[in-house]
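Colleague: Going from the sequence shown to the working numbering is simple: count from 1 and add 1433.
These aren't lab readings, by the way, just hints derived from the structure by calculation. Worth double-checking, as some hints may not be accurate.
Pair by pair, the computed Cβ-Cβ distance ranges are [said to hold, decoys possible]:
| # | residue 1 | residue 2 | range |
| --- | --- | --- | --- |
| 1 | E1573 | E1440 | 20 to 28 Å |
| 2 | D1503 | E1570 | 19 to 27 Å |
| 3 | P1512 | E1541 | 38 to 46 Å |
| 4 | Q1439 | R1490 | 33 to 41 Å |
| 5 | S1458 | L1529 | 25 to 33 Å |
| 6 | P1512 | D1539 | 35 to 43 Å |
| 7 | D1443 | K1538 | 18 to 26 Å |
| 8 | V1562 | S1454 | 29 to 37 Å |
| 9 | T1496 | A1457 | 38 to 46 Å |
| 10 | E1486 | L1569 | 21 to 29 Å |
| 11 | E1573 | E1541 | 29 to 37 Å |
| 12 | L1489 | Q1519 | 19 to 27 Å |
| 13 | E1559 | S1454 | 19 to 27 Å |
| 14 | I1444 | Q1519 | 15 to 23 Å |
In silico SDA-like cross-links for lysine to any residue, where the CA-CA straight-line distance does not exceed 20 Å [claimed, not checked]:
| # | residue 1 | residue 2 |
| --- | --- | --- |
| 15 | K1538 | H1436 |
| 16 | K1538 | E1486 |
| 17 | K1538 | S1458 |
| 18 | K1538 | I1442 |
| 19 | K1538 | L1441 |
| 20 | K1538 | R1487 |
| 21 | K1538 | D1556 |
| 22 | K1538 | E1440 |
| 23 | K1538 | Q1494 |
Predicted model, so just to flag it, every value in this text is computed and none were measured. By construction, the Cβ of each residue, glycine as well, lies at the ideal position given by its N, Cα and C atoms.
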Amino acid sequence: MLHPYQELIDILAETPRRLTSMLASVDARSPAGAEHLTRVVAHLAAVEALMRERILRMIAQDTPYFRAVDLAAVAEAVPTLAEALQRLGQERGETLTTLMTLSLKDWERAAIHETLGEVTVEDLVEELVEHDRRHLEQIERLLAGQETPWPPEPS
1434 MLHPYQELID ILAETPRRLT SMLASVDARS PAGAEHLTRV VAHLAAVEAL MRERILRMIA
1494 QDTPYFRAVD LAAVAEAVPT LAEALQRLGQ ERGETLTTLM TLSLKDWERA AIHETLGEVT
1554 VEDLVEELVE HDRRHLEQIE RLLAGQETPW PPEPS
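Turn these sequences into a full structure, and let the hints steer you where they fit.
Modeller: Printed below as a string of structure tokens:
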């Protein structure tokens, strides 16, 4: 039987591959050109780690409370695009492993988020998919030479 949440898992699995393909032509010797891209990818990796930690807390605890977190400073800490891509791939792999081990009941477990209210594991995974989509579009705009605001909204 196909996992009922397989489509979400497949979409999440595709993001690091898409990013690697999209960013293959970025000149790593041009720090100014790659700086915004590096920050976006580093932000994706930071959000990935945060969301996985939240999912694990939701599985281990009854209705934990999550504060909104500003991850802009973490995105500043990754020095190169290659390192940011590697970190995202590693973080996403760990998240995918976590998601594949969840029972169907685990996907329904809830938490309270400071700004979102009650959320389930499924809600967080759907938010992660949407977050990826927004930043993939942002990277496309950056590659096209259009500026976008930074830092991102708290997660």
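Colleague: A separate judgement is required for each hint: does it hold in the structure or not?
Modeller: Hint by hint, here is what the structure shows:
For E1573 and E1440, the hinted distance range of 20 to 28 Å is satisfied, since their beta carbons lie about 22 Å from each other. Taking the beta carbon of each, D1503 and E1570 are about 22 Å apart, inside 19 to 27 Å as hinted. P1512 and E1541 have their C-beta atoms about 40 Å apart, which keeps the hinted 38 to 46 Å range intact. The hinted window of 33 to 41 Å between Q1439 and R1490 is violated, with their beta carbons roughly 24 Å apart.
Between S1458 and L1529 the beta carbons are some 27 Å apart, a value that agrees with the proposed interval 25 to 33 Å. The beta-carbon spacing between P1512 and D1539, approximately 36 Å, falls within the hinted interval of 35 to 43 Å. A hinted range of 18 to 26 Å for the beta carbons of D1443 and K1538 is consistent with their spacing of about 22 Å. V1562 and S1454 have their C-beta atoms about 18 Å apart, which leaves the hinted 29 to 37 Å range violated.
Separated by about 43 Å at the C-beta atoms, T1496 and A1457 satisfy the suggested range of 38 to 46 Å. At roughly 23 Å, the beta carbons of E1486 and L1569 sit within the given window of 21 to 29 Å. Here the CB-CB span from E1573 to E1541 is close to 34 Å, well matched to the stated 29 to 37 Å. Judged by the Cβ atoms, the range 19 to 27 Å given for L1489 and Q1519 holds: they are separated by roughly 22 Å.
The hinted window of 19 to 27 Å between E1559 and S1454 holds, with their beta carbons roughly 24 Å apart. Our hint of 15 to 23 Å for I1444 and Q1519 holds, since their Cβ atoms are close to 21 Å apart. For the given pair, K1538 sits about 13 Å from H1436 by alpha-carbon distance, which is consistent with the 20 Å threshold. A threshold of 20 Å between alpha carbons decides the hint, and for K1538 with E1486 the separation of about 18 Å falls inside it, so the pair holds.
Simply put, K1538 and S1458 have alpha-carbon atoms about 43 Å apart, too far for the 20 Å limit, and the pair is violated. Using a Cα cut-off of 20 Å, the hinted pair K1538 and I1442 holds, with the two alpha carbons roughly 16 Å apart. A threshold of 20 Å between alpha carbons decides the hint, and for K1538 with L1441 the separation of about 16 Å falls inside it, so the pair holds. About 16 Å separates the Cα atoms of K1538 and R1487, which keeps this hinted pair within 20 Å; it holds.
A threshold of 20 Å between alpha carbons decides the hint, and for K1538 with D1556 the separation of about 13 Å falls inside it, so the pair holds. Among the hinted pairs, K1538 with E1440 is consistent with the structure: their alpha-carbon atoms are about 17 Å apart, no more than 20 Å. Between K1538 and Q1494 the alpha-carbon distance is near 14 Å, which keeps this suggested pair within the 20 Å criterion.
Taken one by one, the earlier hints fail for this structure at numbers 4, 8, 17, listed in ascending order.
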